[in-house]
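Here the protein sequences line up with chains D and U, keeping their order.
Adding 1 to a residue's 1-based position in the first sequence gives its number in our numbering.
Adding 37 to a residue's 1-based position in the second sequence gives its number in our numbering.
None of these hints come from the bench; they were simulated from the model.
From a predicted model like this one, the values you see are computed outputs, not experimental measurements.
Beta carbons are placed, not taken as given, at the ideal position from N, Cα and C, and that holds for glycine.
You may find that some hints are simply not true.
Stated by the list, open to error - Simulated restraints on C-beta separations:
1. U:90 x D:34: 29 to 35 Å
2. D:19 x U:199: 28 to 34 Å
3. D:193 x U:181: 48 to 54 Å
4. D:132 x U:105: 55 to 61 Å
5. U:65 x D:174: 39 to 45 Å
6. U:177 x D:155: 18 to 24 Å
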Amino acid sequence: MIRAVGKPLEEIIGMVQNFDRILLAGCDGCVTVCEAGGLKETKVLGSALRLYFTQAGQNKVVDETTLTRQCDKEYLAQLGDRIDNYDAVVSLACGAGAQFMVDMYKHKVVFPGVDTCFIGVTEERGWYTERCQACGRCILADTGGICPIARCSKRMLNGPCGGSEGGKCEVSPEMPCGWQLIYDRLKTLGQLDRFEKPVDPKDWTSSRDGGIRKIMREDLRI
Amino acid sequence: MRLQEKLEAKEFVVLAEMEPPKGVDISAAVSSAMSVKNAVDAFVVPEMSNAVMRMSSLGGAMVLANKGLETVIQVCCRDRNRLALQGDLLAAHALGIKNVMAVAGEDISFGDHHKARAVNDIDLLELLGAIKTLMSGKDMAGIELKGAPDFFVGSTVNPSTSALELEIQELDRKIAAGARFFITPPIFDIAVLEKFQKRLEGRQVFIIPTVLLLKSVGMARYLQRHFEQVHLPEEFITRIQKAPERVRECVQIAGELVAALKARGASGVHLATIGWEDKLPAILATAGI
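Bound conformation, chain D alone (with noise of 0.2 Å):
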């Protein structure tokens, strides 16, 4: 999924100081897995917020809400009957959810309320990795199944760099070196022979290096 963490109080009260009626939407997807953007975290903005601007003897109105997803639009016209409510939104959704909003409210300033961070997995409640970066054209069947462009720090793709020392990164003693993770897993699969055969140079076009994307399924479009 999706991990994103809560951005700085300080700054979201940057973001929304000028205006006087503010929309906190949650999203019930991947940033409440994260705990950085669900419901629990709405609730709290909205009390830090209401509780600063009180103190800083600012009369203002901050409300919250939580929409199952803001990356469908169903969910998002949920919001139709009372966004206009509000002088500015801050979206807790991932940044597909937040621009998702300012589609289909074209009038609206809509600000983020959390930074994006990756895909990734929870290792423990709290702690997040990097899993996979979105490239488009996956090659975990090579690799016995460890991605290195999400985990190898040089994205290298031919083997290691040679710079890891004991089984991690040359860049954090605390990092995994990803190659060192695929060789141990090609070893146990017994399918070193993958490791041996050099790939080609990585066709980036289905990652952002072909422009914007998008998918386009003909057999789920009526």
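Once you've looked at the hints, dock chain U against the given chain D.
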């Protein structure tokens, strides 16, 4: 250095684009450049224009500089991150390059290595800011340099755009970031340039229009159809169509445009001959330069 001095002295400058080769045989570029060296103030060496891989701008410029020719190198954010850009700029100064032009660079998908990954670590304005920072004696990390480079800095501007207000705002940001000369895309309609320059009154910058050598009716039509922002009057196409010697007519048109720009008080001209650099002497002769 001739380019900056002449521009500041309000003398008409002649720039010529000189694409480095796709390969290491630099002989054609060198001989073309040498054949017009007395009429051209500096050679603009593109940085892999249209995202087509070829010899780098700095490398190509050094080949020409070693022949005693003044050059303008291009720096572009598409293929280099902030370390590489700054490193190349320091190298450029140390190698005697004086003129630097920051360009946006076409998207990778326009070129011949469309599977490549673009860098775009910083953008054009940040690059201009980085050049200014280097010239002040520090790098982008704020660390003091052992000797600061000194450049005459330029960039691009498009007088033919339909979004003129935005273009002028962007120009002002580039000026604030240190750019002093600006090269335009191909200009065929001098009125467009003059209208734009009227809007720039009070700004201390040098606008250098590009005169593109048309090579055929087909090329002219292509420009008309696919580049909305290039105002290419129909009369030029008719002239080429009716001419007994079409190539000579193309050269004639380019030469006339150069002469007209000079007569109308332009800061200078940038000649783009895209592969027909051997026509440069004839164009300049037609223009009376």
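Now for the hints, and whether the structure bears them out:
Range check, residue 90 (chain U) to residue 34 (chain D): Cβ separation about 44 Å, and the 29 to 35 Å hint is violated. Between residue 19 (chain D) and residue 199 (chain U) the CB atoms are about 33 Å apart, so this pair conforms to the stated range of 28 to 34 Å. Between residue 193 (chain D) and residue 181 (chain U) the beta carbons are some 49 Å apart, a value that agrees with the proposed interval 48 to 54 Å. Checked against the hint of 55 to 61 Å, the C-beta distance between residue 132 (chain D) and residue 105 (chain U) comes to roughly 57 Å, which is consistent with it.
For residue 65 (chain U) and residue 174 (chain D), the Cβ-Cβ distance of about 54 Å falls outside the hinted range of 39 to 45 Å, so the restraint is violated. At about 22 Å, the CB distance of residue 177 (chain U) to residue 155 (chain D) agrees with the hint of 18 to 24 Å.
Comparing the model with each numbered hint stated earlier shows that hints 1 and 5 do not hold.
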